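*Asks:* Chains as they are written, first to last, in full-length UniProt numbering: chain A, 1 to 323; chain B, 1 to 323; chain C, 1 to 323; chain D, 1 to 323.
Please note that the accuracy of each hint is not assured.
[Said to hold, decoys possible] To give a feel for the contact side, a few chain D residues facing chain A, derived at Cβ under 10 angstroms: (1) Glu72; (2) Asn80; (3) Pro139; (4) Glu154; (5) Ile155; (6) Gln165; (7) Asp308.
Since the hints were made in silico from the structure, they are not lab data.
None of the values given here were measured: they were computed from a predicted structure.
Quick reminder that beta carbons are idealized off the backbone N, C-alpha and C, glycines included.
4 protein chains.
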Amino acid sequence: MVDRAVPTNLPGPAPAGERMKIAFLGPFGTFCEQAVWQVAPTRSDLLPMPSVGQALAAVRRGEADRAVVPIENSVEGGVNATIDELSHGSSLVIVAEMLVPVAFAFGVLPGTKQEDIHAVGTHPHAWAQCRHWVEAHYPNVIHVPTASTAAAPEILTSVEDVPFQAVLCSKPSAKLFELEVLADDVADNPGAVTRFVMVSREGDIPPATGADKTTVQVRLPDNEAGALLTMLEQFSARGVNLSRIESRPSGNGLGSYSFSIDIEGHVREERIQAALVGLHRTCPEVKFLGSYPRVDGVRPNIRPGTTDEDFASARAWIEKILG
Amino acid sequence: MVDRAVPTNLPGPAPAGERMKIAFLGPFGTFCEQAVWQVAPTRSDLLPMPSVGQALAAVRRGEADRAVVPIENSVEGGVNATIDELSHGSSLVIVAEMLVPVAFAFGVLPGTKQEDIHAVGTHPHAWAQCRHWVEAHYPNVIHVPTASTAAAPEILTSVEDVPFQAVLCSKPSAKLFELEVLADDVADNPGAVTRFVMVSREGDIPPATGADKTTVQVRLPDNEAGALLTMLEQFSARGVNLSRIESRPSGNGLGSYSFSIDIEGHVREERIQAALVGLHRTCPEVKFLGSYPRVDGVRPNIRPGTTDEDFASARAWIEKILG
Amino acid sequence: MVDRAVPTNLPGPAPAGERMKIAFLGPFGTFCEQAVWQVAPTRSDLLPMPSVGQALAAVRRGEADRAVVPIENSVEGGVNATIDELSHGSSLVIVAEMLVPVAFAFGVLPGTKQEDIHAVGTHPHAWAQCRHWVEAHYPNVIHVPTASTAAAPEILTSVEDVPFQAVLCSKPSAKLFELEVLADDVADNPGAVTRFVMVSREGDIPPATGADKTTVQVRLPDNEAGALLTMLEQFSARGVNLSRIESRPSGNGLGSYSFSIDIEGHVREERIQAALVGLHRTCPEVKFLGSYPRVDGVRPNIRPGTTDEDFASARAWIEKILG
Amino acid sequence: MVDRAVPTNLPGPAPAGERMKIAFLGPFGTFCEQAVWQVAPTRSDLLPMPSVGQALAAVRRGEADRAVVPIENSVEGGVNATIDELSHGSSLVIVAEMLVPVAFAFGVLPGTKQEDIHAVGTHPHAWAQCRHWVEAHYPNVIHVPTASTAAAPEILTSVEDVPFQAVLCSKPSAKLFELEVLADDVADNPGAVTRFVMVSREGDIPPATGADKTTVQVRLPDNEAGALLTMLEQFSARGVNLSRIESRPSGNGLGSYSFSIDIEGHVREERIQAALVGLHRTCPEVKFLGSYPRVDGVRPNIRPGTTDEDFASARAWIEKILG
């Protein structure tokens, strides 16, 4: 349980007069905790959770007001667990997104010699983002997966006969566990970031800012040639751009896909509503997963003929024809 | 002025208790008069007009209740004068369409010898539909254009030193002027038909029958590569088919076009409205020229996801999201 | 038969040492003759023909080397007879295009009084381009169609009891027949032009200049929803733009269309060939009607990835894969 | 090193008279080994590798003739490591695909009591495919990740103070390590399968069978609205269907994607070549990753106008035009 002094502009209705409970992918010390701090209001209680599913379930069950979980990183792509968990069960919506630069500390127990390092403990995603660096500096070292990046230093410092001698974790974690840091800012891709989202219960839609994203999950008709093309035309017919599109197996066997999509715009804008109506009509399943401000503040290029006024004026024309 | 005994199901509001005045492309005896009879109500007065423009103008000025004019024939294509006149000036709308089989009588003054036929009088459209027949049967004969097919027998029987010895006209015309008919059913293309439309004033929209057409005139953005493709996608994104599309120069110089389009469906159907909204948003000019029953009664193939219910249900989903 | 002193860069193989025979839509004095002069070589014989069909037939039969006929005007649109005649029979190809500004002289027999003018003789296309001017200046005057604009002054000056008192014709014609010109430059649309084409026998393809057009006639599959969209995608998939697209009934009854299309580019360019291959594969009929320099010299905007080099390099990549 | 008696139809040139060396994602006992057995020739040596990257590197370095690695599973989606490794470095190509049904044994050390099970060791992908089953049968049990499914029983049986009491592994593995199997066929999704591929060196293209796949990796132009739509049109313009499309971050930051695509057809077919030429022209990077028989033997629906003959005939028509 952590308190915090700096007020922030938390999106969504804050529980008046009460402390906000925010579940997140724990433990403390992970990048996810850093993401929470970007948006948590003054009076928040942080609840570390062992998995994305459990963080989201805490919101679904009302045990937390919000959950913060990773959704995409610039090296590994979408975080499957998050995308899949959001699209199942009762509805949750994204109310904010946050970016956290991803660089790791390469830490060891103080006094460890370089030649004694045979294995590195860390989360598989972290390993994926550092393996070329490790191969270059510690050839022949193997990876031992841990449940989170923060779990690695915890295990290293507390378990006997631990099967690894070094860890890749966040810098605060390395400091917390008093490791000796042999390298700072380890990352195969400098500039790597992870995108996190803050999730709330259905019905919580922050107001449009002019620089927003809308996230949906769309299942395509099975085995229909051109179904993806047809789906994309629903966007292009309204001049709507996508900032992310990611395929996920829909769970009905190989060859059956859903798509997780970030749309440039807010569900309160007409062109977005028109595109969503098109999706709803033509796809077997569309799930709305929130409209929220873009963390980069980039405003979409709204093409001629797609402003709210253009839609209103076109509908007024039809009304006039119908008399 | 002609009266008529057989009641018909005239589309559009009939002037109660009064005779209906119907302007048409005259004179009497043309195919256009035959078209009028397909839809004219019991108590009608027919007003023959010397041009399409004047027939339409009679409706615009309130001197006629309806106008019947040709709009397309299966050999020559669109009737430019009609398409252009409809798209200019105050708005008129099509309320019915009619098909008239097109075959001509080849008539001469009684006693004319075959070797004396050096020229044939008829309207250029009729000539275009019979010229191969004439070349085959009367090689070296030339064409003398007349203002209508009915004008040809009238001139032949009334003017001295007339510059043609035979005419191509409708069979009723040939009979009316007591010509000797050397050949019946003359037509290069057996099965040729002309499509006529009945036009009323703006606001007159017959109810949807399930087998309807909607006619619009659309001007594309000038000099924009792919503008036609983009326009057609507004239809395909809503599963709407076209039964006719015809380009017309928009009058701004070569390379600038409008399109005259027949859409399968009625403006009271949601998918048609959605497509029209899309056109209105993205094209510099869209003119609604009527929704009316198809004369062939063919019902459109309504694709999954494009029924009125699909639209209503999609919009209800959006309303629910917006709370 | 007319000789001409100024040498020109006539496209296509000139009959060496011989005079070139050029059929055109006569008589002398029409705009078509003006078009011929824009491209005729020094030593040409001009053959005026009574119809477009006969001008083209003269080339097909070898009686003329070239034919010059109108193909499109900026008010009336495509010249149906030309488009249809080109697409039937043995193949002819367009080797050049020419633009002629269209403005008419309004001429009368010297001494005619304004109040005596009740009818105007001219070709229907000329009437279509001047009727608003006539209505404004001579209300209640009617139109008497003639076979060409040049036929009108000829009839006016030679026939007794002629049914019109004024003509609309080209200025050279008015001068030739010594008419009194009451108004010069008559045209509802200032800036109106007619586009003419010079036609040669199949196999005659002028070299690519970088600013060329290719003309084709394409028949779409009957009754196939989206067939036009699919056809246009064959162009857009290769970044090819169209400068003209015009529907023509294909002669199989209403609802069945061909399209006459001008493509920006030359058949010797890869992207044009790729688009034509796509059309040939997917449309029941494609007729090649020539590649020739654009009269306006406008070079197409060649999109990234569509140069000849891009095609060659992509094919080389495939060859390398195939080993 | 394993020998094998049953001859198989291994695709690709077999090293004559020599044993084939096949690297695979080890250790022995994983599903990947089962996949190898589906295609390995009689005389093969199997080389278990600790990672996908090392299995592929063995082929790149010539230490193995083939590698077998997982590429997609029906629950978790694409295997990122495989997709990414194939698209980097010198070229490898897929020469065969294999499906392995995925169901797990839930095993414990003989005599373990149900109430003593607090943690389950297995690979994260296996966990993802069984977690609902575990939650239902062993609520509150946590996951301890291992480097492979086969590593879990090995650790359970050989390490002291192992932090889990049960494992999810393949049935052969459970048997090999003499575990007590508490549940067979554990899988949240009955019918789950993993798709494996056999990889060879560039240039190795099995002959077309009529039921083939082609795999490519395509990078889209950055930040270009509609780039994905445009790319898909390169396929649809040639009637080519996709059986899988998966986005991967291209490593240039969030918002920049590559797509891993399985195409229905073989690179020796014309329509596939034409689509690949289109991709090569318009996308900044296209990597060919092999053409190989589909394991399910499904033949593509070849649309009218897209057979090899259609392409040949269209090209012949162009050749004739060019003279």
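*Asks:* Evaluate each hint against the coordinates.
*Replies:* Hints and how they fare:
{"no.": "1", "hint": "Glu72", "in the structure": "holds (7 angstroms)"}
{"no.": "2", "hint": "Asn80", "in the structure": "holds (6 angstroms)"}
{"no.": "3", "hint": "Pro139", "in the structure": "violated (12 angstroms)"}
{"no.": "4", "hint": "Glu154", "in the structure": "violated (12 angstroms)"}
{"no.": "5", "hint": "Ile155", "in the structure": "holds (9 angstroms)"}
{"no.": "6", "hint": "Gln165", "in the structure": "violated (16 angstroms)"}
{"no.": "7", "hint": "Asp308", "in the structure": "violated (19 angstroms)"}
Hints 3, 4, 6 and 7 from the earlier list are contradicted by this structure; the remaining hints agree with it.
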